[in-house]
Amino acid sequence: MTEQYQMDLADMRKFHEQNDGTKYLLVANDCFSRKASVQPLPNKNTPPVKDAINQVIKDLGVPERIQFDKGREFINKTLEKNNENEKTSLKTFNTLCQFN
Numbered sequence: 001m002t003e004q005y006q007m008d009l010a011d012m013r014k015f016h017e018q019n020d021g022t023k024y025l026l027v028a029n030d031c032f033s034r035k036a037s038v039q040p041l042p043n044k045n046t047p048p049v050k051d052a053i054n055q056v057i058k059d060l061g062v063p064e065r066i067q068f069d070k071g072r073e074f075i076n077k078t079l080e081k082n083n084e085n086e087k088t089s090l091k092t093f094n095t096l097c098q099f100n
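Using full-length UniProt numbering, count along the sequence shown one by one with no gaps and you end on 100.
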């Protein structure tokens, strides 16, 4: 079991016609080993995001924590239920930063 992954989506909609309809990439990074996994997504709906997260876990192993922003693609009942089978803690962070 690894310690922590960070995940976010990369917006590739501008290039989807050249990329077989792939509009987003789920980019996952193991914070300690620095290994990465990138999974193509046709949209940000729950089923493809869930499948992509499961593929990341197959590629990199089961983490203790997964950290991501508060996007609806990550915060929903389906992903929480999917995660109940794993011993992984789901953590979110705010993406807005204020500088004085």
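The reader is advised that the hints may include incorrect statements.
Unchecked claim - Here are the simulated DSS-like cross-link-like pairs (lysine-lysine), alpha carbons at most 25 Å apart as the crow flies:
(1) Lys50 <-> Lys70
(2) Lys23 <-> Lys70
(3) Lys23 <-> Lys35
(4) Lys23 <-> Lys77
(5) Lys50 <-> Lys23
(6) Lys44 <-> Lys58
(7) Lys35 <-> Lys50
(8) Lys70 <-> Lys58
(9) Lys70 <-> Lys14
(10) Lys23 <-> Lys44
(11) Lys58 <-> Lys23
(12) Lys77 <-> Lys50
(13) Lys77 <-> Lys58
(14) Lys70 <-> Lys44
(15) Lys58 <-> Lys14
(16) Lys58 <-> Lys35
(17) Lys50 <-> Lys14
(18) Lys70 <-> Lys35
(19) Lys44 <-> Lys77
Worth flagging that the hints you see were computed from the coordinates, not collected in a lab.
Going through the hints against the structure:
1. Between Lys50 and Lys70, the direct Cα distance comes to roughly 15 Å. Compliance with the 25 Å bound is thereby established for this hinted pair.
2. This hinted pair checks out: Lys23 and Lys70 have alpha carbons roughly 19 Å apart, not beyond 25 Å.
3. Between the alpha carbons of Lys23 and Lys35 the distance comes to roughly 23 Å, so the proposed pair stays at or under 25 Å and holds.
4. Distance check on the hinted pair: Lys23 and Lys77 sit about 23 Å apart at the alpha-carbon level, within 25 Å; holds.
5. Distance hint between Lys50 and Lys23 is fulfilled; the C-alpha atoms sit about 16 Å from each other, no more than 25 Å.
6. Between Lys44 and Lys58 the CA atoms are separated by roughly 20 Å; this keeps the pair inside 25 Å, and the hint holds.
7. Proximity of Lys35 to Lys50 is assessed by CA-CA distance (about 20 Å); at most 25 Å being required, the pair is judged to hold.
8. Distance restraint check for Lys70 and Lys58: the Cα-Cα separation of roughly 24 Å lies within the 25 Å cut-off, and the hinted pair is therefore satisfied.
9. A threshold of 25 Å between alpha carbons decides the hint, and for Lys70 with Lys14 the separation of about 23 Å falls inside it, so the pair holds.
10. The straight-line distance between the Cα atoms of Lys23 and Lys44 is roughly 9 Å, inside the 25 Å bound, and the hint therefore holds.
11. Between Lys58 and Lys23, the direct Cα distance comes to roughly 22 Å. Compliance with the 25 Å bound is thereby established for this hinted pair.
12. Taking the CA atoms of Lys77 and Lys50, the gap is near 11 Å; set against the 25 Å cutoff, the hint holds.
13. With a CA separation close to 21 Å, the supplied pair Lys77 and Lys58 stays within the 25 Å bound.
14. A C-alpha spacing of about 13 Å is found between Lys70 and Lys44, which places the hinted pair at or below 25 Å, so the restraint holds.
15. For the hint pairing Lys58 with Lys14, the CA-to-CA distance comes to about 29 Å; that exceeds 25 Å, so the pair is violated.
16. Distance hint between Lys58 and Lys35 is fulfilled; the C-alpha atoms sit about 13 Å from each other, no more than 25 Å.
17. Distance hint between Lys50 and Lys14 is fulfilled; the C-alpha atoms sit about 23 Å from each other, no more than 25 Å.
18. Taking the CA atoms of Lys70 and Lys35, the gap is near 23 Å; set against the 25 Å cutoff, the hint holds.
19. A threshold of 25 Å between alpha carbons decides the hint, and for Lys44 with Lys77 the separation of about 15 Å falls inside it, so the pair holds.
Comparing the model with each numbered hint stated earlier shows that hint 15 is the single one that does not hold.
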